[in-house]
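Heads up: the sequence lines are chains A and B, in that order. Quick note on our numbering: the first sequence kicks off at 32 and runs consecutively. Quick note on our numbering: the second sequence kicks off at 8 and runs consecutively.
The set of hints was computed from the structure by calculation and includes no laboratory data. The reader is advised that the hints may include incorrect statements.
Said to hold, decoys possible - Not close to chain B: a few residues of chain A, all C-beta gaps over 12 Å, as computed: (1) I35; (2) T37; (3) Y66; (4) N107; (5) D178; (6) Y215; (7) H222; (8) A253; (9) E265; (10) L266; (11) P353; (12) I368; (13) Q438; (14) L492; (15) V495.
Unchecked claim - Coverage of chain B stretches by chain A, computed from C-beta distances (three or more under 8 Å per stretch; other residues unrestricted): (16) 18-25; (17) 94-108.
Said to hold, decoys possible - Within a straight-line C-alpha distance of at most 27 Å, the following computed BS3-like cross-link-like pairs (lysine-lysine) qualify: (18) B:K129 to A:K335; (19) A:K344 to A:K284; (20) B:K129 to A:K62; (21) A:K95 to A:K476; (22) B:K9 to A:K332; (23) A:K344 to A:K330; (24) A:K62 to B:K17.
Every residue gets a Cβ at the ideal spot worked out from N, C-alpha and C, and that includes glycine.
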Amino acid sequence: MSEIGTKSNPLRVAVIGAGPTGFYTAEHLFKQKEYVVEVDMFDRLPTPYGLVRYGVAPDHQKIKSVTAVYDRIAQNPGFRFFGNVQIGKDITASDLCQYYHQIVYTTGAQTDRQMNIPGEDLAGSLPATEFVAWYNGHPDFRDYDVDLSHENVAVVGVGNVAMDVARILCRTPEELATTDIADYALEKLRHSQVKNVYILGRRGPAQAAFTTPEIKELGEMADTDAYVEPDEAELDALSEAALAVSSDRATMKKVEVIQSYAGRPSSGKTRRLILRFLVSPVELFGDDTGQVVAMRMVKNKLYKTDSGTLRPKATDSFEEIPVGLVFRAIGYRGVPIPGVPFYDSWGVILNREGRVIDPETQAPITGQYTGGWIKRGPSGVIGTNKPDALETVQNMLADVAAGEILQPQHPTRAAAADFIAAKQPDYFSYDDWLKLDAIEVARGKAQGRPRVKFTSVPEMLTAVGKK
Amino acid sequence: MKVRRILATKGMRVITIGPEQQIRDAVAILARHNIGALVVVDTTNHPIGILSERDIIRESASNEQVFDRTVADLMTRDVITGMPNDDTHSLAHTMTERRFRHMPIVDEGVLIGIVSIGDILKAERDQYRGEIDTLETQIMANDD
Numbered sequence: 032m033s034e035i036g037t038k039s040n041p042l043r044v045a046v047i048g049a050g051p052t053g054f055y056t057a058e059h060l061f062k063q064k065e066y067v068v069e070v071d072m073f074d075r076l077p078t079p080y081g082l083v084r085y086g087v088a089p090d091h092q093k094i095k096s097v098t099a100v101y102d103r104i105a106q107n108p109g110f111r112f113f114g115n116v117q118i119g120k121d122i123t124a125s126d127l128c129q130y131y132h133q134i135v136y137t138t139g140a141q142t143d144r145q146m147n148i149p150g151e152d153l154a155g156s157l158p159a160t161e162f163v164a165w166y167n168g169h170p171d172f173r174d175y176d177v178d179l180s181h182e183n184v185a186v187v188g189v190g191n192v193a194m195d196v197a198r199i200l201c202r203t204p205e206e207l208a209t210t211d212i213a214d215y216a217l218e219k220l221r222h223s224q225v226k227n228v229y230i231l232g233r234r235g236p237a238q239a240a241f242t243t244p245e246i247k248e249l250g251e252m253a254d255t256d257a258y259v260e261p262d263e264a265e266l267d268a269l270s271e272a273a274l275a276v277s278s279d280r281a282t283m284k285k286v287e288v289i290q291s292y293a294g295r296p297s298s299g300k301t302r303r304l305i306l307r308f309l310v311s312p313v314e315l316f317g318d319d320t321g322q323v324v325a326m327r328m329v330k331n332k333l334y335k336t337d338s339g340t341l342r343p344k345a346t347d348s349f350e351e352i353p354v355g356l357v358f359r360a361i362g363y364r365g366v367p368i369p370g371v372p373f374y375d376s377w378g379v380i381l382n383r384e385g386r387v388i389d390p391e392t393q394a395p396i397t398g399q400y401t402g403g404w405i406k407r408g409p410s411g412v413i414g415t416n417k418p419d420a421l422e423t424v425q426n427m428l429a430d431v432a433a434g435e436i437l438q439p440q441h442p443t444r445a446a447a448a449d450f451i452a453a454k455q456p457d458y459f460s461y462d463d464w465l466k467l468d469a470i471e472v473a474r475g476k477a478q479g480r481p482r483v484k485f486t487s488v489p490e491m492l493t494a495v496g497k498k
Numbered sequence: 008m009k010v011r012r013i014l015a016t017k018g019m020r021v022i023t024i025g026p027e028q029q030i031r032d033a034v035a036i037l038a039r040h041n042i043g044a045l046v047v048v049d050t051t052n053h054p055i056g057i058l059s060e061r062d063i064i065r066e067s068a069s070n071e072q073v074f075d076r077t078v079a080d081l082m083t084r085d086v087i088t089g090m091p092n093d094d095t096h097s098l099a100h101t102m103t104e105r106r107f108r109h110m111p112i113v114d115e116g117v118l119i120g121i122v123s124i125g126d127i128l129k130a131e132r133d134q135y136r137g138e139i140d141t142l143e144t145q146i147m148a149n150d151d
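Can you build the whole structure from these sequences, using the hints too?
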């Protein structure tokens with residue numbers, strides 16, 4: 032067998048998942064000069080970019096500009112895209128071993144963590160991720176039913192998804208009309224009766240995961256007042272001491288902005304965004320129809336762990352608030368891929384620095400890798416996936432040098448393309464996507480919006496002439 | 008950032024040693040796995056100490072027979088443990104202030120990993136690099 036990674040015998044890599052990490056993986060593979068590499072990228076949806084398209088909030092268009100970087104990576108002659116192809120359904124993980132030397136799973140964290148409290152399954156208690164997918168036009172969620180006739184909504188969690196959900200609920204139709212929010216979502220939000228949105232954090236202002244720009248933005252919305260309970264805006268002694276020692280300016284600034292909302296009188300705006308700290312939901316109550324009507328919360332106080340972290344501990348003081356909708360945004364987890372070892376309690380693929388490992392022997396499984404949120408769990412910003420992907424790619428290249436790669440029966444581009452086309456004739460190439468992209472942008476231009484998204488797979492196929 | 012984010016990419020096996028084993032065994036294990044510290048566990052896999060390369064070096068300065076000593080002789084007993092939901096920056100602060108470099112991580116009484124100051128630095132470096140990359144991309148983007 033001739034050497035792998037040469038012009039006549041390129042290293043063939045399958046990347047599963049066309050989100051940021053998938054693209055950064057391809058980028059690092061193309062950037063190195065030692066081996067000739069071909070990357071086939073798969074996604075179960077026809078469209079690339081993963082959470083940049085279906086996660087990043089529509090009122091944060093600037094964050095989406097990173098897609099220009101991905102488009103450039105996709106122009107590499109060694110790159111191909113196979114959208115609308117689902118691994119585990121259209122093609123199996125073991126099929127891939129017949130066509131590729133290495134397989135990288137970058138499928139992200141697609142599902143949410145549960146609160147595990149009574150009443151969580153009542154109607155109106157929902158994962159924030161589904162609401163996000165819905166307003167972003169994810170094809171799986173276009174028929175999602177969210178009842179916005181309630182006045183009081185609670186968002187549990189203080190991470191960026193919680194912030195996004197709260198903001199979208201509080202924005203005016205005019206603020207959203209210039210974004211790429213899904214048309215049906217814009218229509219429904221136009222008739223929203225939501226008046227009060229609670230954001231619930233179990234720790235204090237100094238420990239909240241959101242950034243200063245995110246918290247500032249909450250105070251700058253057209254028709255929503257941001258409000259913080261004055262006593263909850265104050266730092267407790269432990270937080271005060273920790274901040275004095277670390278003198279972390281970012282945290283100080285964040286606390287300052289939060290405190291500026293404390294006790295703020297209403298300025299007559301229609302909606303109110305209420306940030307609550309040191310509270311944890313303990314139970315949801317429903318009416319006769321099984322619809323959530325109220326939430327019981329326990330007040331927390333902070334204690335210091337051995338290692339110095341400030342953690343919340345429940346007190347014996349409780350509070351009830353009326354709510355008709357509850358969105359939980361307390362964490363995300365990956366979905367297992369058939370045939371790939373999974374560490375269930377954390378919702379990640381079992382791996383050591385990106386090499387998928389055998390749960391029994393702890394030895395790497397030849398040719399299998401992972402990157403991004405399905406590798407390390409959900410953390411960081413989009414760019415954090417770049418060094419993450421680099422770590423995986425460095426290990427992939429070390430394994431190529433050591434000859435530790437798969438021995439595919441058909442290691443050619445043509446054979447892979449034939450096989451995929453036979454299994455999923457309606458696959459989307461990158462050119463198909465660029466065609467769809469141009470149509471979406473043109474539709475948007477007419478309305479003064481960045482784009483108007485297609486929100487169903489059949490519509491996407493028809494639009495580019497595949498059906 | 009949480010400690011679990013670091014543990015997630017380290018596999019799920021912790022390299023441990025028993026207190027009655029000899030330092031020569033410990034040195035062999037440290038070298039084989041290219042690591043700087045071992046968690047010392049009792050028969051129920053509960054952490055009772057930590058043995059770092061620093062502990063061994065310190066002893067070897069005055070005792071050429073260091074290899075024959077037992078792990079229990081040289082290990083540090085007052086071990087501070089962390090939890091997977093701890094914040095990495097508070098771990099880094101505690102390690103820096105108290106001058107140690109490895110912390111066993113325990114989840115509901117079970118030893119699930121060990122985190123070094125180097126692990127935290129790497130994760131924080133990657134986080135900052137990522138933030139810079141994301142901010143640069145946004146700054147360079149056109150406003151249209």
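* Hints broken by the structure, by number, lowest first? -> The structure breaks none of the hints.
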